[in-house]
Amino acid sequence: MSMEDLYQEIILDHYRKPQHRAPVLEGESVHVHHSNPLCGDEMDLRVRVVDGQVDGIVFDGEGCSISQASASAMTVAVAGRELDDALALTEDFRRMMHGDEPSRPDDLQDGIAFQGVARFPVRVKCALLGWMALRDAIETYERGASAHTVEHDDDRPPSG
Amino acid sequence: MSMEDLYQEIILDHYRKPQHRAPVLEGESVHVHHSNPLCGDEMDLRVRVVDGQVDGIVFDGEGCSISQASASAMTVAVAGRELDDALALTEDFRRMMHGDEPSRPDDLQDGIAFQGVARFPVRVKCALLGWMALRDAIETYERGASAHTVEHDDDRPPSG
Amino acid sequence: MPIDVPTLRKAFPTLARELDGQRLVYLDSAASSQTPVAVLDAMDHYYRWSRSNVHRGVYTLAEEATDLYETARTDLARFVDADPRGVVFTKNATEACNLMAYAWVRRNLGPGDVLLTTVMEHHANLVPFQYAAGDLGFEVRHVPITSDGLLDMDAAANLVADGRVRFVAVAHVSNVLGTINDVRGIAQLARAAREDAVVHVDGTQAVPQLPVSFRELGVDAYALTGHKMLGPTGIGALVVRPELLETMQPFLAGGEMIRDVTLDSVTWNEIPHRFEAGTPMIAEAAGLSAAIRFLEELGMDAVRAHEEQLTGRLLEALTSIDGVTVHGPTDLTVRGGAVSFEVAGVHPHDVGAMLSSKGVCVRVGHHCTKPLMRCLGVNATARASAYLYNDTDDLPPLVEGIEAARAFFAR
Amino acid sequence: MPIDVPTLRKAFPTLARELDGQRLVYLDSAASSQTPVAVLDAMDHYYRWSRSNVHRGVYTLAEEATDLYETARTDLARFVDADPRGVVFTKNATEACNLMAYAWVRRNLGPGDVLLTTVMEHHANLVPFQYAAGDLGFEVRHVPITSDGLLDMDAAANLVADGRVRFVAVAHVSNVLGTINDVRGIAQLARAAREDAVVHVDGTQAVPQLPVSFRELGVDAYALTGHKMLGPTGIGALVVRPELLETMQPFLAGGEMIRDVTLDSVTWNEIPHRFEAGTPMIAEAAGLSAAIRFLEELGMDAVRAHEEQLTGRLLEALTSIDGVTVHGPTDLTVRGGAVSFEVAGVHPHDVGAMLSSKGVCVRVGHHCTKPLMRCLGVNATARASAYLYNDTDDLPPLVEGIEAARAFFAR
Ligand SMILES: Cc1ncc(COP(=O)(O)O)c(C=O)c1O
Ligand SMILES: Cc1ncc(COP(=O)(O)O)c(C=O)c1O
Chain A
1 MSMEDLYQEI ILDHYRKPQH RAPVLEGESV HVHHSNPLCG DEMDLRVRVV DGQVDGIVFD
61 GEGCSISQAS ASAMTVAVAG RELDDALALT EDFRRMMHGD EPSRPDDLQD GIAFQGVARF
121 PVRVKCALLG WMALRDAIET YERGASAHTV EHDDDRPPSG
Chain B
1 MSMEDLYQEI ILDHYRKPQH RAPVLEGESV HVHHSNPLCG DEMDLRVRVV DGQVDGIVFD
61 GEGCSISQAS ASAMTVAVAG RELDDALALT EDFRRMMHGD EPSRPDDLQD GIAFQGVARF
121 PVRVKCALLG WMALRDAIET YERGASAHTV EHDDDRPPSG
Chain C
1 MPIDVPTLRK AFPTLARELD GQRLVYLDSA ASSQTPVAVL DAMDHYYRWS RSNVHRGVYT
61 LAEEATDLYE TARTDLARFV DADPRGVVFT KNATEACNLM AYAWVRRNLG PGDVLLTTVM
121 EHHANLVPFQ YAAGDLGFEV RHVPITSDGL LDMDAAANLV ADGRVRFVAV AHVSNVLGTI
181 NDVRGIAQLA RAAREDAVVH VDGTQAVPQL PVSFRELGVD AYALTGHKML GPTGIGALVV
241 RPELLETMQP FLAGGEMIRD VTLDSVTWNE IPHRFEAGTP MIAEAAGLSA AIRFLEELGM
301 DAVRAHEEQL TGRLLEALTS IDGVTVHGPT DLTVRGGAVS FEVAGVHPHD VGAMLSSKGV
361 CVRVGHHCTK PLMRCLGVNA TARASAYLYN DTDDLPPLVE GIEAARAFFA R
Chain D
1 MPIDVPTLRK AFPTLARELD GQRLVYLDSA ASSQTPVAVL DAMDHYYRWS RSNVHRGVYT
61 LAEEATDLYE TARTDLARFV DADPRGVVFT KNATEACNLM AYAWVRRNLG PGDVLLTTVM
121 EHHANLVPFQ YAAGDLGFEV RHVPITSDGL LDMDAAANLV ADGRVRFVAV AHVSNVLGTI
181 NDVRGIAQLA RAAREDAVVH VDGTQAVPQL PVSFRELGVD AYALTGHKML GPTGIGALVV
241 RPELLETMQP FLAGGEMIRD VTLDSVTWNE IPHRFEAGTP MIAEAAGLSA AIRFLEELGM
301 DAVRAHEEQL TGRLLEALTS IDGVTVHGPT DLTVRGGAVS FEVAGVHPHD VGAMLSSKGV
361 CVRVGHHCTK PLMRCLGVNA TARASAYLYN DTDDLPPLVE GIEAARAFFA R
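Note that the protein sequences, when read in sequence, are chains A, B, C and D. Count the first sequence with this note's numbering and you get residues 1 to 160, in order. Count the second sequence with this note's numbering and you get residues 1 to 160, in order. Count the third sequence with this note's numbering and you get residues 1 to 411, in order. Count the fourth sequence with this note's numbering and you get residues 1 to 411, in order.
It should be emphasised that the hints constitute simulated quantities derived from the structure, not laboratory data. Where a beta carbon is used, it is the ideal one built from N, C-alpha and C, also for glycine. Among the clues, some could well be false.
[Stated by the list, open to error] Capping the alpha-carbon separation at 20 Å, the derived lysine to aspartate or glutamate pairs in DMTMM-like fashion look like this:
1. C:LYS358 to B:GLU151
2. C:LYS358 to C:GLU400
3. D:LYS358 to D:GLU308
4. D:LYS10 to D:ASP44
5. D:LYS358 to D:GLU403
6. D:LYS10 to D:GLU256
7. B:LYS17 to B:GLU82
8. D:LYS358 to C:GLU64
9. D:LYS10 to D:GLU216
10. C:LYS10 to C:ASP41
11. D:LYS358 to A:GLU4
12. D:LYS10 to D:GLU342
13. C:LYS10 to C:GLU342
14. B:LYS17 to B:GLU42
15. D:LYS358 to D:GLU342
16. B:LYS17 to B:ASP84
17. C:LYS358 to B:GLU4
18. C:LYS358 to C:ASP20
19. D:LYS10 to C:GLU297
20. C:LYS10 to D:GLU342
21. C:LYS358 to C:GLU342
22. D:LYS358 to A:GLU9
23. C:LYS358 to B:ASP60
24. C:LYS358 to D:GLU342
25. D:LYS358 to D:GLU296
26. D:LYS358 to A:ASP5
27. A:LYS17 to A:ASP60
28. A:LYS17 to A:GLU4
29. C:LYS358 to C:ASP135
30. D:LYS358 to D:ASP44
[As the list claims (entries may be wrong)] A partial selection of chain D residues facing chain B, derived with a Cβ cut-off under 8 Å:
31. ARG56
32. VAL58
33. GLU63
34. THR66
35. ARG141
36. PRO144
37. ASP260
38. THR262
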C-alpha cells in the first residue's frame with residue numbers, strides 16, 4: 001500500500017487537529033468507554049442530549065491515527081442531529097466500511113474520506129471505533145442508562 | 001508392484017500346500033491365538049515341547065496368502081529346534097522384515113523367500129503373524145502357562 | 001452438461017502416470033481424490049506471491065493472505081449453502097467430528113442422556129462420541145441396517161421414542177456401502193421425539209459427490225474434508241448453525257480464538273474465529289477454494305449424474321464376475337460411488353495386490369468401519385470407488401484383475 | 001560455512017516480489033517464514049505423482065504416500081534429536097499444546113495441584129492450560145520476568161518450592177522479547193521440587209533458529225510448527241518422550257488411531273499413531289521433510305550464527321533512532337531474532353502502515369501475548385524479525401520507514 005491510499009489529507013487533518021476532543025462535557029447525558037483489546041485502542045465518548053438531539057459531543061482516547069481521526073470526523077458529522085438520524089448515519093458509515101456505497105455521502109461530511117479504509121480490513125475496526133461508541137452511547141441513553149463500558153474488536157450489524 | 005515381486009513361487013507353494021496346518025496337535029504344550037484386527041487375519045499356533053525343543057508344531061488360521069504361507073514356512077524352519085534357537089531365528093526373521101540382511105539365511109529355509117515383503121510395509125505384518133505367534137507361544141510356555149490370546153497389528157522388538 | 005472425462009483427466013497429473021508400463025486406474029477416490037492442477041496453482045500462488053501469516057497483519061502480503069483465507073470460508077459456505085459465520089476450518093473431517101464431541105457433546109451430555117448413531121459410521125463419527133460416553137456415562141444407541149444396506153428407519157423411530165436422545169451422529173453417505181442416508185428424515189424423527197435434539201452429520205463422502213444444501217437438510221452441524229473433494233490434504237471443516245455455534249464451548253485454545261487474556265481470565269473471540277486456534281491452514285484454504293470453483297464449474301448435478309451412471313456400470317461389471325458379492329444398496333438413486341465387494345476364496349489383501357500389479361488402485365481393509373464389518377460378517381472388504389475423472393474405460397482392468405486374482409489365489 | 005544470503009534468497013520466490021516498485025523487505029519471519037522452492041517441489045511431487053491416502057493402501061501410490069509421511073517423522077526426529085515414536089504430527093503448534101492439555105493435563109491435574117507457566121507465553125502455551133484450570137480447579141502460577149526480559153529464576157524457584165507444581169509450560173524462545181529461556185534449568189528446578197513434574201516446552205520460535213536437541217534439554221514434551229521453519233502451513237508437531245506418550249490418554253479420536261472398535265468398546269493403536277486421528281497432512285509432511293533437509297544443509301549452527309549477528313545489527317540500528325525503545329535482552333547470546341520496539345508518539349498500527357508503504361513487512365499488535373503486554377505496560381508493539389534470508393541490506397529501509405513514521409505521525 002502507499003500512504004496516500006490510506007491516509008488522505010482530510011484524515012491527517014483530523015488526526016493532527018482533532019475536533020471535539022476533550023476529557024469532559026458539561027451537562028453530559030451519557031458516557032461510554034470502548035476498548036479494542038486487539039490493538040489497544042481506547043475511546044471515551046460523551047454525549048449531551050437535548051430535545052432528542054445530539055446537543056454536545058466530545059471524545060477522548062488513545063489509538064492509531066485512523067481511529068482518532070475517524071472519531072473526530074464523526075463528532076462533526078453527528079453534532080446537532082436527531083438521535084435516530086445519528087444512528088442511521090452510523091449504519092451508513094458501517095456499511096461503507098464493509099464496501100457498500102454510502103447512501104448519504106454529504107451527511108457523512110469528512111467521514112467520506114474513510115471510504116478507502118474498507119480496502120484495509122485490519123484498519124476497518126479502527127475507523128469504526130468512534131462510530132460504534134456513538135451507537136452504543138445512543139442505545140445506552142435510550143435504555144435510560146448513563147454509562148456503559150464495552151470491549152470489542154469488531155463491529156456487528158445493529159442490534160435492533 | 002508386479003505380482004512376482006511379492007509372490008515368489010516358494011511363497012505360493014506354501015500358500016497352496018501349507019505344511020503343518022492342522023486344527024489340533026497331540027500332546028500340545030502351549031496354544032496361542034493371535035489376531036490382527038486391521039486386516040482380519042487369525043492364527044492358532046500349537047507347539048509341543050519335549051526336552052526344550054520344538055517337538056511338534058501346527059498352525060491353523062484365516063488370512064491372506066502371505067500370512068498363511070509365512071506361517072507354513074515358519075513351522076518347517078523351527079521344527080526340532082531348541083526353544084532359544086527358535087526365538088533367535090524369529091528375531092532374525094523380524095529384522096529381515098524391517099530391511100536388515102538375515103544373519104542365518106540357511107536356517108530360515110523357505111522363510112528367506114519373504115525377504116522381498118519388507119518392501120511392502122502393509123504386508124510386513126502379514127508375514128510376521130505366524131512368527132510373532134511362535135514367539136508368544138514360547139514365551140507363554142516359559143512363563144509356565146499353556147495358552148495365550150493376543151490382538152496385534154504390528155510387531156515389536158523382543159520383550160526381554 | 002455431461003462430463004467430458006478424457007478432457008477432464010488432463011487436469012489431474014497423477015492419472016497420467018504409468019505403473020510398470022500400465023495405465024494407472026485410480027478407483028480409490030473414497031479414500032482420497034486426485035487434485036487438479038488449478039488447486040496446486042492456487043496454493044503455489046500463495047506460497048510464491050503472498051507468503052505470510054493471516055489476521056492483523058498491516059502489510060500487503062498479510063492482507064492478501066487473510067483475503068485468501070476468508071474467501072475460502074465464503075466459498076465453502078456458498079458451496080454447501082450455509083452461513084459463513086458457521087464455517088469452522090479444521091485439519092480434516094475427523095477433527096470436525098471431535099470438535100463437535102468436545103465443544104458440545106462433552107459439555108452437555110451426562111448420565112441418563114442418549115446419543116444416537118448408526119452401525120455404518122466411519123470411526124471418525126463414532127469413536128469421539130464413544131470415548132466421551134466412556135468418560136461421562138451417557139448411553140450410545142445404534143441404528144441398525146436393513147439387508148439391502150439402508151438405515152432401518154423403523155428401528156430408528158423406536159430408538160428415539162423415549163425422548164432421551166439429545167444428540168444424533170449420522171453419515172450422509174456411507175464410505176463402505178455407498179448408501180445415501182435420509183438425514184433430513186432422521187433429523188425430523190429425532191426432533192419429533194425431542195425438540196432440542198442436536199443433529200450432527202458426517203458429510204465427508206457426500207460433499208464430493210452430491211449437491212448439498214446445509215440449510216435444506218435442516219441439520220445442526222455438518223463435517224467434511226478437503227482431500228476427498230479435489231482439495232488438498234490438511235483441511236476440513238465443521239459447518240454449524242451459527243445460533244448453535246454461539247452456544248458451544250471453545251475446543252482448541254490459543255492465538256486468534258481469543259479476545260483478551262489476563263493471567264487468570266480469558267474472553268473468547270466471536271464465531272467462527274473462536275473455534276480456530278493458531279495459524280490456520282492458509283495455503284490449504286486457497287487450494288480448497290480452487291477445488292470448490294472447479295466443482296462448481298462442472299456443476300454438482302453433472303458430477304452426481306456422472307457418478308450415478310458410472311456406479312451403475314461398476315455394479316454391473318462386478319456382479320457379472322463369478323464369485324464376487326457386492327455390499328450395499330442396488331438402487332442407484334440412494335447410492336454414492338463407493339462399492340465394497342468380496343471375492344470368494346481370496347483374501348482382500350490378495351485381491352488388492354493383484355489389482356495393484358495391473359495398475360488398478362482399490363482400497364482393502366475395514367475402511368475404518370469395524371462395527372459395520374461385524375454386521376456384514378466379514379473382516380475386511382475390497383472397495384472400488386469411482387469419481388468424476390473415471391469412466392467405463394476403467395472397468396475392464398478392474399474386472400480382469402479380479403478374475404486374475406480368482407484364478408491365482410482361489411483354492 | 002556462513003550463509004550466502006544473496007544466493008540463498010533466490011530460493012524464496014516471494015522475496016523477489018516488488019511492492020509499488022519497491023523491493024520487498026520481509027521482517028516478519030517470527031509470524032511465518034518464507035518457503036523455499038524445494039519445499040513447494042516436494043509437495044508438488046506428492047500431488048502430481050503419488051496422490052493417494054496413506055496407511056494400509058496395498059497399491060504403489062499409497063505405499064509411496066505412506067513412505068513420504070513416515071519419512072517426515074524420522075526426519076523431524078533426527079532434526080530435533082528425539083525418538084520418532086514420540087513424534088506426533090498436528091496442524092500447528094497450538095494444536096500440539098492443546099494435545100498436551102487434553103491428553104495429559106486434563107487427565108491428571110485437579111484441585112490442590114499447580115501448573116507453572118510464565119508471563120511471556122504465547123497464548124497457545126497459556127490459554128489451553130488456563131482453560132483446563134477453569135474446568136478442573138487446579139492453580140496456575142506465572143514466572144515473572146526481570147527488567148532485562150529474562151525469566152526470573154529466583155522467583156521460579158520460590159514458585160515450585162511447595163512441591164505442588166506437577167506441570168510446567170514454558171517457551172524455549174519468546175516471540176516478543178526474543179529471550180532464549182534456560183528450559184533445561186527450569187526443568188531441573190521443577191524436578192528438584194517434585195521428581196515427577198512434567199515439563200512441556202513451546203519450541204515454536206526455537207526450532208527455526210537454534211540447534212535443538214530434545215534429548216539434551218531433558219524435557220518431556222516439545223511443541224513446534226512447520227510454517228515458521230521454512231515449511232508449509234497446516235503442519236506442526238508435538239514431540240514427547242515415548243515413555244510419557246505411552247501413558248497419555250487419546251485426544252482426537254477417529255480413523256488410524258484405533259486398533260479395534262466394537263459398538264461399545266475401543267482398543268487404541270500404538271504410539272505415536274494413537275495420537276493422529278484421520279487422514280494426516282500428507283503433502284505438508286513431505287514439505288516439512290524438504291524444509292528440514294534445507295535447514296540441515298545450511299547447518300543450524302550457521303543459521304544461528306547468522307541470526308545472532310544480524311539481530312545485533314538490527315538492535316543497533318533500532319536503538320540509534322530517536323524515540324525508539326526496544327524490549328527484551330540486549331545480551332545476544334540469550335536472544336533470538338524477534339525484536340519488539342516502540343516509537344514514541346506513534347501508534348504501532350501507524351508504524352506498520354508507514355513501513356508497509358515502503359515495502360517493509362513487520363508485525364504490529366500484541367503478538368498473542370496479552371499478559372506480557374500488560375507486564376511491559378503497553379497495548380501493542382511493532383516487531384521486526386529477521387531470518388536466514390535477511391541481511392544488513394534490509395535494515396536501512398526499516399530505519400527510514402520508522403523515521404518517516406516519526407516525522408509523519410508524531411504530534
Ligand atoms: C512462541 C509461539 N508459540 C506458539 C505459536 C503458535 O504457533 P501456530 O500459530 O503455528 O500454532 C507461535 C506463533 O504464533 C509462537 O510464536
Ligand atoms: C464417511 C467418512 N467419515 C469421515 C472420514 C474421515 O475423514 P478424514 O480422514 O479426512 O478426517 C472418512 C474418510 O476416511 C469417511 O469416509
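Consistency of the hints with the structure:
1. Proximity of LYS358 (chain C) to GLU151 (chain B) is assessed by CA-CA distance (about 33 Å); at most 20 Å being required, the pair is judged violated.
2. This hinted pair checks out: LYS358 (chain C) and GLU400 (chain C) have alpha carbons roughly 9 Å apart, not beyond 20 Å.
3. For the given pair, LYS358 (chain D) sits about 25 Å from GLU308 (chain D) by alpha-carbon distance, which is inconsistent with the 20 Å threshold.
4. Taking the CA atoms of LYS10 (chain D) and ASP44 (chain D), the gap is near 19 Å; set against the 20 Å cutoff, the hint holds.
5. In summary, the hint linking LYS358 (chain D) to GLU403 (chain D) is supported, as the alpha carbons are separated by about 12 Å, within the 20 Å threshold.
6. Between LYS10 (chain D) and GLU256 (chain D) the CA atoms are separated by roughly 40 Å; this puts the pair beyond 20 Å, and the hint is violated.
7. Annotation: proposed proximity of LYS17 (chain B) to GLU82 (chain B) is violated, straight-line Cα distance about 26 Å (limit 20 Å).
8. The hinted pair formed by LYS358 (chain D) and GLU64 (chain C) meets the criterion: a straight-line CA distance of about 17 Å does not exceed 20 Å.
9. Proximity of LYS10 (chain D) to GLU216 (chain D) is assessed by CA-CA distance (about 35 Å); at most 20 Å being required, the pair is judged violated.
10. For a cut-off of 20 Å, the pair hint linking LYS10 (chain C) to ASP41 (chain C) stands: about 15 Å separates their Cα positions.
11. Pair hint LYS358 (chain D) plus GLU4 (chain A) holds up; C-alpha atoms about 12 Å apart against a cutoff of 20 Å.
12. A hinted pair counts as satisfied when its Cα atoms are at most 20 Å apart, and LYS10 (chain D) with GLU342 (chain D) does not qualify at roughly 32 Å.
13. At most 20 Å may separate the alpha-carbon atoms for a hinted pair to count; LYS10 (chain C) and GLU342 (chain C) exceed this at roughly 32 Å.
14. Distance check on the hinted pair: LYS17 (chain B) and GLU42 (chain B) sit about 18 Å apart at the alpha-carbon level, within 20 Å; holds.
15. With a C-alpha separation of about 18 Å, the suggested pairing of LYS358 (chain D) with GLU342 (chain D) holds against the 20 Å cut-off.
16. Only pairs whose Cα atoms come within 20 Å are accepted, and LYS17 (chain B) paired with ASP84 (chain B) is rejected, the gap being roughly 28 Å.
17. At most 20 Å may separate the alpha-carbon atoms for a hinted pair to count; LYS358 (chain C) and GLU4 (chain B) meet this at roughly 12 Å.
18. A distance of roughly 8 Å separates the Cα atoms of LYS358 (chain C) and ASP20 (chain C); the hinted pair therefore holds under the 20 Å criterion.
19. Distance check on the hinted pair: LYS10 (chain D) and GLU297 (chain C) sit about 36 Å apart at the alpha-carbon level, beyond 20 Å; violated.
20. Between LYS10 (chain C) and GLU342 (chain D) the alpha-carbon distance is near 54 Å, which puts this suggested pair outside the 20 Å criterion.
21. Between LYS358 (chain C) and GLU342 (chain C) the CA atoms are separated by roughly 18 Å; this keeps the pair inside 20 Å, and the hint holds.
22. Restraint check for LYS358 (chain D) and GLU9 (chain A): the C-alpha separation of about 19 Å stays at or below 20 Å, so the hint holds.
23. For the given pair, LYS358 (chain C) sits about 31 Å from ASP60 (chain B) by alpha-carbon distance, which is inconsistent with the 20 Å threshold.
24. Restraint check: the Cα-Cα separation between LYS358 (chain C) and GLU342 (chain D) comes to about 66 Å, which exceeds 20 Å; the hinted pair is violated.
25. Our distance criterion of 20 Å between C-alpha atoms is broken by LYS358 (chain D) and GLU296 (chain D), whose separation comes to about 33 Å.
26. For the proposed pair LYS358 (chain D) and ASP5 (chain A), the alpha carbon gap of about 13 Å is at most 20 Å, so the pair holds.
27. Between LYS17 (chain A) and ASP60 (chain A), the direct Cα distance comes to roughly 13 Å. Compliance with the 20 Å bound is thereby established for this hinted pair.
28. Restraint check for LYS17 (chain A) and GLU4 (chain A): the C-alpha separation of about 19 Å stays at or below 20 Å, so the hint holds.
29. Note on LYS358 (chain C) and ASP135 (chain C): the hinted pairing is violated, with a Cα-Cα distance of about 47 Å set against a maximum of 20 Å.
30. The straight-line distance between the Cα atoms of LYS358 (chain D) and ASP44 (chain D) is roughly 33 Å, outside the 20 Å bound, and the hint therefore fails.
31. The beta carbon of ARG56 (chain D) comes within 6 Å of a beta carbon in chain B, closer than 8 Å, and the hint placing it at the interface holds.
32. The interface hint given for VAL58 (chain D) holds, since its Cβ lies 5 Å from the closest Cβ of chain B, which is under the 8 Å cut-off.
33. Taking 8 Å as the C-beta cut-off, the interface hint given for GLU63 (chain D) holds, the closest approach to chain B being about 7 Å.
34. Annotation: THR66 (chain D) was flagged as interfacial toward chain B, and the flag holds, the nearest CB pair being 7 Å apart, inside 8 Å.
35. Taking 8 Å as the C-beta cut-off, the interface hint given for ARG141 (chain D) is violated, the closest approach to chain B being about 40 Å.
36. Interface restraint check: PRO144 (chain D) against chain B, minimum CB-CB distance 46 Å, threshold 8 Å, status violated.
37. For the restraint placing ASP260 (chain D) at the interface with chain B, the shortest Cβ-Cβ distance is roughly 4 Å, inside the 8 Å limit, so the hint holds.
38. The beta carbon of THR262 (chain D) is not positioned within 8 Å of any beta carbon in chain B (closest approach about 10 Å), and the interface hint is therefore violated.
Going down the numbered hints, you'll see the structure goes against 1, 3, 6, 7, 9, 12, 13, 16, 19, 20, 23, 24, 25, 29, 30, 35, 36, 38, while the others check out.
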